[in-house]
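Q: What follows is the residue order along each chain.
4 protein chains.
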Amino acid sequence: MPKRSIRIGMVGYQFMGKAHSHAYRDLNFFFEDLPVTPVLQAIAGRSEEPLRRAAEAYGFSSYETDWRRLVERDDIDVIDIVTPNNAHAEIAIAAAEHGKHVICEKPLAMTVDEAVRMRNAVQAAGVHHLVCHNYRYAPAVQFAKRLIDDGRLGRIYHVRAQYLQDWIMDPDFPLVWRLRKDVTGSGALGDIAAHILDLARFLVGEIGEVAACMETFIKERPLGEMAGGLEAKASGGTGRVDVDDAVAFLARFENGAMGVFEATRFAGGHRNGNQFEINGEKGSLRWNLEDMNWLEVYFHSDEPGLQGFRRINCTEPLHPYAERYWPAGHIIGYEHTFLNLFGAFFKGLVEDQPVKPDFEDGVRNQCVLEAVEKAAASRSWENVEYR
Amino acid sequence: MPKRSIRIGMVGYQFMGKAHSHAYRDLNFFFEDLPVTPVLQAIAGRSEEPLRRAAEAYGFSSYETDWRRLVERDDIDVIDIVTPNNAHAEIAIAAAEHGKHVICEKPLAMTVDEAVRMRNAVQAAGVHHLVCHNYRYAPAVQFAKRLIDDGRLGRIYHVRAQYLQDWIMDPDFPLVWRLRKDVTGSGALGDIAAHILDLARFLVGEIGEVAACMETFIKERPLGEMAGGLEAKASGGTGRVDVDDAVAFLARFENGAMGVFEATRFAGGHRNGNQFEINGEKGSLRWNLEDMNWLEVYFHSDEPGLQGFRRINCTEPLHPYAERYWPAGHIIGYEHTFLNLFGAFFKGLVEDQPVKPDFEDGVRNQCVLEAVEKAAASRSWENVEYR
Amino acid sequence: MPKRSIRIGMVGYQFMGKAHSHAYRDLNFFFEDLPVTPVLQAIAGRSEEPLRRAAEAYGFSSYETDWRRLVERDDIDVIDIVTPNNAHAEIAIAAAEHGKHVICEKPLAMTVDEAVRMRNAVQAAGVHHLVCHNYRYAPAVQFAKRLIDDGRLGRIYHVRAQYLQDWIMDPDFPLVWRLRKDVTGSGALGDIAAHILDLARFLVGEIGEVAACMETFIKERPLGEMAGGLEAKASGGTGRVDVDDAVAFLARFENGAMGVFEATRFAGGHRNGNQFEINGEKGSLRWNLEDMNWLEVYFHSDEPGLQGFRRINCTEPLHPYAERYWPAGHIIGYEHTFLNLFGAFFKGLVEDQPVKPDFEDGVRNQCVLEAVEKAAASRSWENVEYR
Amino acid sequence: MPKRSIRIGMVGYQFMGKAHSHAYRDLNFFFEDLPVTPVLQAIAGRSEEPLRRAAEAYGFSSYETDWRRLVERDDIDVIDIVTPNNAHAEIAIAAAEHGKHVICEKPLAMTVDEAVRMRNAVQAAGVHHLVCHNYRYAPAVQFAKRLIDDGRLGRIYHVRAQYLQDWIMDPDFPLVWRLRKDVTGSGALGDIAAHILDLARFLVGEIGEVAACMETFIKERPLGEMAGGLEAKASGGTGRVDVDDAVAFLARFENGAMGVFEATRFAGGHRNGNQFEINGEKGSLRWNLEDMNWLEVYFHSDEPGLQGFRRINCTEPLHPYAERYWPAGHIIGYEHTFLNLFGAFFKGLVEDQPVKPDFEDGVRNQCVLEAVEKAAASRSWENVEYR
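Residue numbers (the numbering used here), protein chains in the order written: chain S, 1 to 387; chain V, 1 to 387; chain Y, 1 to 387; chain R, 1 to 387.
Simulated from the structure, these hints should not be mistaken for laboratory data. Where a beta carbon is used, it is the ideal one built from N, C-alpha and C, also for glycine. Where hints are given, some of them may not hold.
On the chain V side, residues computed to face chain R include the following (Cβ under 7 Å) [said to hold, decoys possible]:
(1) K233
(2) G308
(3) I312
Turn these sequences into a full structure, and let the hints guide you.
A: In structure tokens, the structure reads:
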């Protein structure tokens, strides 16, 4: 089957660049039916040498040391933004103005204002847009969504979600860009609370109001930079940490559910503990990214005496996306969330159908994040102002 | 070894009456070294027939249909209050005034005012006093306390605690006394949030301020009453539920730790899920009442590559209280928390040493509960006003 | 309700003496409906001082330094044998001949011959008899039995059971009586393999043939003795270990199921890991003593996509024995298996109905143990010769 | 970095063909440092149409409907055999004779004779050879190996390993080639017991003797064929199942360790439960393929009171192969075991160093499998005759 080539231009090349590139390359193997071939056309960054190495490692045919040239190129269909957060808006808007479809890492922007401008730009340009809340696309999460949408949990009472990490607990861990407000906007809030928030919005619905607190436990750190993944190296001197190490917030969903959220980089023993539990009138669900193939499900309607959480390995042919991979019990991993996400996006692109999560989701996520910050500052519940 | 008899007068006789009575009877078997024999002298209640049956079932020598006669009796050393909450204060104060030591179920009172009057009464009378936050006395929790006090976790960053139950999720479950504000003061808040709060105070320290929300999901229920344990039967008609089904709150501890608390009776699949996790600079701890013999512990100082939560069965001779029971790996259960609690209390009594948790703890717990209610109403963070 | 007194005479007083005594004392509290009161009449042993202390600690009214006097006493109804294994047969037979009902710890005897003589003696005397395979009486195990008997698993294909301990892994752990063939008959085989064998017989049926291996990893140990529970102290010199540290065997059940059994005292990290899994044509079950309140159950008939092991807390009113204790989610422990076992035995006694596991079970268990030893020696499959 | 192309010719194209093809394609992305590029040169099979589709799906440049032409082609460096077992020997020997390196799926052969001829052929030809016991290359298993080799467990006492599946429990599941002796040689034995055997040999050492039993629970099935993965479809009529549904065996390792092994396709609830536990004098390890990123480790030397199995997520940079993928806590899946396996093989190939598991491992594995069959038939322990 001849496939339509979709030429990707990526801006940025660190951890997320690796994850996206891999997904593009691996996509056709598992999504044979997708009438699209992603082509790694060009990658952009500022420093030529690491950029050249990234292009080679990831398999891009060319590179640009100025992202502006990338968005102007005629041979690019999609701009994929995996830069630090402070560059998202300018690139995305320029890309849209040049008629490119836009994929952007989360959080969509530094502020709601930025996010709104981005959304308006892609909508005005009529291009497709995607914000990379990839965890929605874990098969177990997709299956949870199906169960909830089918009414299997009934009215939702509770959402409790935590994103627990521990990679910066060492006070000598340096002040990398992810800890600098001017580059990243916020700390645990935008980096990981944004993920559990997106999962909650996806599964349960919109949030109406929040109360919150934020904390920076280690206020001064050695200067330094990311060395790849979540690793870092020091570079001399110290600086003030101006983003949150941890954030917690209470939420009221518009449908009446209560939410309790917590995101922290100071939960020792949790390398990447993105976990949630949802309780509804008919049952409950729980999930943890570190065991991402499993969904635990409880049904009140189970025979009395035989009620208990079932631990389900979501790798059977009838679980979402599972049939594309391996037989039941042969698990998949982190990277497959991106394959599924991009598989859905490209399908939407060729069919000209909108795919979620899009920039509208990015805006709404940002609105909640901003309400959380506002509530932490005002020491009061704050309504989420959607724009 | 001749033992001193401590004559118990108990007021109330439902689920908690059973748990306390059993512990008194079973105590000497496991606490051979304790120079005290609890004697089940008398039990008080209003309805003679169930009272007589309870006296026989629990092994009390006599009964009184008016608790006032009980507190006046010369042959009673300790008054143990296991009534609904609205009777705690009057009985405790009268008992103290008659020179009786006082054991009281939690929450100590309906209001901070009541709790303060109770504490003042026992202090003025110079009697011993105990509030039954029995979960402190699970061996794994005592062991957690020892680890924290020994500095094994270092500075505490996070406490997250949930008390998840599901026994009233059925909308047809009747409006028993535990759901009536005039009898119980509050719902999940005083009944189960009080427990996780006590564990947090015990393990981490005092709370300075809170933000909260409370919810009643099912607002009208059939009238009815408790039939024993957590069972109930309907008795015709319906009534308004005026207590909370669920409560969640954020907290700041005085030592800077962040707390996230949630208590609900609407978490399907959790019969009695009293669970917490604590993250400190050197490690983490987690525990769940339904697996109460286990403590999970993580240490940052473990050899790199070999770091992970250890699942420890706290039944070895060197674990607190464990040697009194069975060899390692032979687990104990819910009832043993009361044996340990009363063992500690009676030891304090004969040595005339204070034992925790006492009415001061009851007051402080109540102060936090009241701040939570206030914060839920004001929609703002509220300082906890300790009295 | 007036109850019939059943006067207990116990022979032996170590760990099992403590467990039995506690159960007798605690029984009426939870088994109110049982028309029997066990009375701790007398305890027998050889050394007066520890015997006197045991009598006091456990609550026996009197003691005898010769068990023969005990079995002759008119004021004893039941002889309970908790001695090392080499004394079981003589005491049990004498007790039966004096018309006493007999309770005996497991394994019933040192050899099949002994076991058969014991069974014949109690049958000839027409007394009630019980062998203390107490784990049958964990509520989760009783519930497993009910599910299997109700056909919920269908035809049974597989039983795999392990009893994993680690208390003698230290080569300096002394040569206590449990490691001496003349006192105990065998090592892991009779002590713990006997337990998983009994569970398998109870749940699945009789075993027809076995293949086996046995091993003694540490062949020489310091001399010493039990100090209580599973603790020990050295007493100078060394001796040869002539019992097995570990045993493994394959089995064919008469109904065609395959069995794989393993019992060892050299499985580091398992204090008391008595665990089994059973796979049938319609589903599976698994259980572990260290988490004894939980039963994991899998049903093929569950809706596709929602199939997984359910983790069931067997503490609900409809679980066997659970209603006697505490509300759902309030777990019980090791000691309660003895309460349930003795509750069943005394009920049978007053109703003059046989109760399992009895000496016939003890004989059958011993026949399998003997076949295992024979198969380990012959290096061939051996039929189990039931007698 | 210019890379040497290694041109792959694959024979067969079902489930394993997909897994291998994917690994070849994905290899360079994660093994940047590997100076080799696998090139999917040609694929061989008998039926042209499915073969053509497989070539397209997997990305092979050409195909051959006769594998003999494939092994004769000059433009092929490696022959990769993913056919049913009955074709392994002839293809592998022919490939070696044509000077091709050979990769072969497990079990290596139908019989020891075949396996020996295959090993002799590759040795005589001086080509590289690999048998695809891919589970050795799960990072957690490689880490277990490192711990054992470093003496962290000391002398090994016990290995217990199960491979539990449930895909043919339905009696109506058809008689696919994996259930036909003429095509596959044996059932659970060669298909899955071979895997746990290889893990045990890798981690603990060689096996000296075995006792065994084998069973076919469902003896007649509808005729049918594999439809991909572990799915199947019926094609009319029925046939006799002449391979084992389940096998269990006891083993003595040459180093004195006891082994207990079980492999079955009738363990309901286990889709792909390849699991083992190893107990040594200093500690224990356990692992399960369905949670393959985790290794549970117990050390006796841990501080008393703090001893327990640690659950370690083997995704940190210092865990074997983990750094190639994602940051800590971002798990990998089944397919990555093949990437690691092939990465090691190609590294060995370019450095001309032997890499394990090779055909010698295949022979030894087959020798144990044959001893197991012999022992099941003889109903006696049988020595493993290595050839």
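Q: Indicate, hint by hint, whether the structure satisfies it.
A: Taking the hints in turn, this is what the structure says about them:
1. A distance limit of 7 Å between C-beta atoms decides the matter here; for K233 (chain V) the minimum to chain R is near 38 Å, and the interface restraint is violated.
2. The restraint placing G308 (chain V) at the interface with chain R holds, with a minimum CB-CB distance near 4 Å, inside the 7 Å limit.
3. At about 4 Å, the closest approach between the beta carbon of I312 (chain V) and any beta carbon in chain R falls short of 7 Å, and the interface hint on this residue holds.
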